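As given, the protein sequences belong to chains A and B, one line each in that order. With the first sequence counted from 1, adding 67 to any position gets you this note's numbering. With the second sequence counted from 1, adding 10 to any position gets you this note's numbering.
It is worth saying that the hints were derived from the structure and are not from the lab. Because the structure is a prediction, the values reported are computed rather than measured. We treat Cβ as the ideally placed atom computed from N, Cα and C, and that holds for glycine. Worth double-checking, as some hints may not be accurate.
In silico lysine-lysine, DSS-like type, Cα no more than 27 Å apart, as pairs [what the hints assert, rightly or not]:
#  : chain 1 : residue 1 : chain 2 : residue 2
1  : A       : Lys76     : B       : Lys175
2  : B       : Lys168    : A       : Lys365
3  : A       : Lys76     : B       : Lys168
4  : A       : Lys73     : A       : Lys219
5  : B       : Lys13     : A       : Lys73
6  : B       : Lys175    : B       : Lys187
7  : B       : Lys175    : B       : Lys191
8  : A       : Lys278    : B       : Lys15
9  : B       : Lys175    : A       : Lys73
10 : A       : Lys365    : A       : Lys278
11 : A       : Lys256    : A       : Lys365
12 : B       : Lys17     : A       : Lys278
13 : B       : Lys13     : A       : Lys271
14 : B       : Lys168    : A       : Lys73
15 : B       : Lys168    : B       : Lys140
16 : A       : Lys266    : A       : Lys256
So these bits of chain B aren't anywhere near chain A, every CB distance computed over 12 Å [said to hold, decoys possible]:
#  : residue
17 : Phe59
18 : Arg198
19 : Glu232
20 : Asp235
Stretch-level coverage of chain A by chain B, calculated; a stretch enters the list once three of its residues show a Cβ under 8 Å from a Cβ in chain B [said to hold, decoys possible]:
#  : stretch
21 : 212 to 222
22 : 289 to 299
23 : 348 to 360
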Amino acid sequence: MRWSVKGMKVFYAVLIFFTFTSLIIIAGIAVSLITVSSPIFMKYGLDFVLKSVWNPVTEDYGILPALLGTLMTSTIAILIATPLAISLAVFSSEIIPQRFRSFMNSISDLMASLPSVIYGLWGLYVLAPILHNYIMLPLHNYLGFIPLFSTKPTPTNLFTAGVLLAIMIVPFASSIVREAYAAAPYNLKEAAYSIGMTKWEVTKITLGYIKSAIFAGLFLALGRAMGETVAVAMVVGNVPNIPKSLFDVGYTISSLIANQFPNAQAYEYMVPALYGGATLLFLVGLIMNLVGLYFVRKVMIKS
Amino acid sequence: MNKRKLKDKIMLGVISLLAIISAIPILMIIINIYAEGLKYVNLSFLINFPPPPIGGKVGGIGPALVGSLILMSLALVIGGCIGFFTGLYLSEFSHTRLAQYAQLFLQIMVEFPTIIIGLFAYSILVAPLKRFNAFAGAFALSIVIIPYIALNVREAYKSIPHSLKEAAFSLGISHSKVYLKVLLSTARRGVLTALLIGMAKAAGETAPLLFTILGATFLYFEGLDQPINAIPLLIYNFASSPYERWHQVAWGASAVLLSIILAIFIISRLVIKEVRM
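Between the sequences and the hints, there should be enough to build the whole structure, so can you do that?
Printed below as a string of structure tokens:
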């Protein structure tokens with residue numbers, strides 16, 4: 068007899084131990100966020116979320132500007148990324164010849180795995196000047212009467228952050244759409260072609276069939292855009308004011324944490340305030356991910 | 011009829027155009043980083059200390075490179091261990107309630123803002139010790155990579171045919187040997203890919219390091235309880251600084267980081283390709 072029941076039990080105990088460890092770490096994150104941030108919610112209650120003030124001297128903190136910044140940048144990102152991600156997925160699974168497909172997919176996967184600090188550096192020194200000179204300044208000069216474009220743009224602002232986020236989330240969202248596209252039943256396409264439909268019409272039908280996967284990809288991508296820290300902190304401008312237009316400088320919750328945390332220890336309530344911001348981010352991320360996963364499950368049950 | 015064909019052509023054209031537009035940034039990023047960064051990269055760049063903000067030569071990223079390697083290996087050991095065994099459990103005991111909860115939590119964790127993990131590591135490993143330290147950074151990075159490794163290891167073990175598992179168990183060897191020797195050799199490419207993904211993540215993440223390792227610029231490794239630096243953190247700090255000299259170092263460091271990521275990416279592609287053949 069080479070093995071014993073005891074040895075088997077030890078092995079399974081090890082497996083369960085490590086799985087528990089993973090769970091405990093995740094629970095620990097939630098607990099530490101809530102405990103450290105509780106003083107700020109005790110002190111200001113809902114005002115913490117609804118106030119626009121960041122004054123360490125008077126220990127007065129409200130996170131509304133950063134919250135609006137997060138919503139604005141991620142909205143810009145998802146609006147730009149949606150058509151691009153769906154097009155990229157359709158292009159690489161329907162339009163380009165078979166032998167280039169894996170190359171195209173590799174490029175897209177490589178994009179998804181680049182570190183965000185590289186996106187940040189590139190965004191700051193390459194993308195921001197381009198957007199500033201060729202898109203933001205012309206828009207401001209000719210269409211400045213529209214409130215959206217009313218602020219005189221600097222290279223780093225909420226719009227730049229939104230565009231950079233869009234670039235970062237396109238490959239990720241498109242890979243989810245691409246997988247669902249590949250999993251769509253082939254006889255659906257065959258049937259559509261056999262009644263004389265054009266490629267575009269067949270594509271439209273397939274996209275309709277996988278719309279849950281598209282929603283899943285977009286929600287997960289939106290969650291990513293909301294939580295992205297380093298790249299955004301490098302191009303968003305980092306000023307705590309309520310954004311007045313697309314081209315205003317601002318903060319997002321995560322870039323606020325990244326920027327303010329190093330000197331937060333000097334104040335009594337700033338650490339709780341920043342953990343409060345992180346708690347909000349945690350809740351928003353949780354909702355985004357649960358919705359995204361719900362759609363993913365729906366796709367999996369279908370196919 | 012013609013109208014439909016015309017619409018077909020136009021829509022496919024628009025899709026192709028949008029797809030090409032979305033692929034442009036990656037090419038620009040790679041070209042820009044190498045064009046701007048490779049100028050500064052040579053052997054001494056990899057060894058030397060960074061320069062002072064003003065004056066002096068470009069110097070190097072020695073401490074950050076050493077720090078990154080240490081953090082990556084530590085994170086891979088801790089996160090790899092926890093992630094691997096968790097993934098194995100998720101695959102083989104997927105019917106248990108523990109596995110179902112763990113899987114849901116891990117799927118949520120994959121997409122979580124990593125700065126939250128940085129704050130967590132700060133509050134349990136930096137604040138009590140009152141000192142920024144390398145171990146806190148490695149701990150934060152390992153939390154980041156656990157879900158990636160666990161979910162990919164799960165996929166790897168799930169994809170083993172059931173008949174093979176039955177055959178392995180019928181050998182009458184211990185269960186740990188079945189999983190860690192017989193079945194691991196079948197799942198090894200999936201497991202290797204999981205570890206490579208974890209490695210790439212650990213190499214490139216910045217946010218978990220912001221509040222944990224401080225980024226001590228002029229120190230090589232001094233011990234796990236001391237501050238160190240890492241390449242992504244150095245890029246972030248130097249690129250956001252007002253000094254031209256430090257921007258140059260940031261570009262050079264980005265070229266190094268990009269090469270590390272590309273190398274890991276290409277290896278993982280080769281591993282996957284081998285599977286398909």
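Each hint tested on the structure:
1. Lys76(A) / Lys175(B): It holds: about 19 Å lies between the C-alpha atoms, which stays within 27 Å.
2. Lys168(B) / Lys365(A): Since the Cα atoms of lysine 168(B) and lysine 365(A) sit roughly 20 Å apart, the hinted pair holds (cutoff 27 Å).
3. Lys76(A) / Lys168(B): Distance ~22 Å between lysine 76(A) and lysine 168(B) Cα, so the pair holds.
4. Lys73(A) / Lys219(A): 73 Å, violated
5. Lys13(B) / Lys73(A): 74 Å, violated
6. Lys175(B) / Lys187(B): Cα-Cα ~12 Å, so holds.
7. Lys175(B) / Lys191(B): It holds: about 12 Å lies between the C-alpha atoms, which stays within 27 Å.
8. Lys278(A) / Lys15(B): Between lysine 278(A) and lysine 15(B) the Cα gap is close to 25 Å, so the pair holds against 27 Å.
9. Lys175(B) / Lys73(A): Holds - the C-alpha atoms of lysine 73(A) and lysine 175(B) are around 21 Å apart, at most 27 Å.
10. Lys365(A) / Lys278(A): The hint holds at about 10 Å.
11. Lys256(A) / Lys365(A): 21 Å, holds
12. Lys17(B) / Lys278(A): Distance of about 22 Å is within 27 Å: holds.
13. Lys13(B) / Lys271(A): 17 Å, holds
14. Lys168(B) / Lys73(A): This hinted pair holds, its Cα atoms lying about 26 Å apart.
15. Lys168(B) / Lys140(B): 44 Å, violated
16. Lys266(A) / Lys256(A): Holds: lysine 266(A) and lysine 256(A) sit about 9 Å apart, inside 27 Å.
17. Phe59: 21 Å, holds
18. Arg198: Its Cβ never comes within 12 Å of chain A, the nearest being 19 Å, so this holds.
19. Glu232: 21 Å, holds
20. Asp235: 19 Å, holds
21. 212 to 222: As far as the stretch 212 to 222 of chain A goes, the hint is violated, because 0 residues have Cβ atoms under 8 Å from chain B.
22. 289 to 299: Per the Cβ count (7), the hint holds.
23. 348 to 360: Check passed, 9 qualifying residues.
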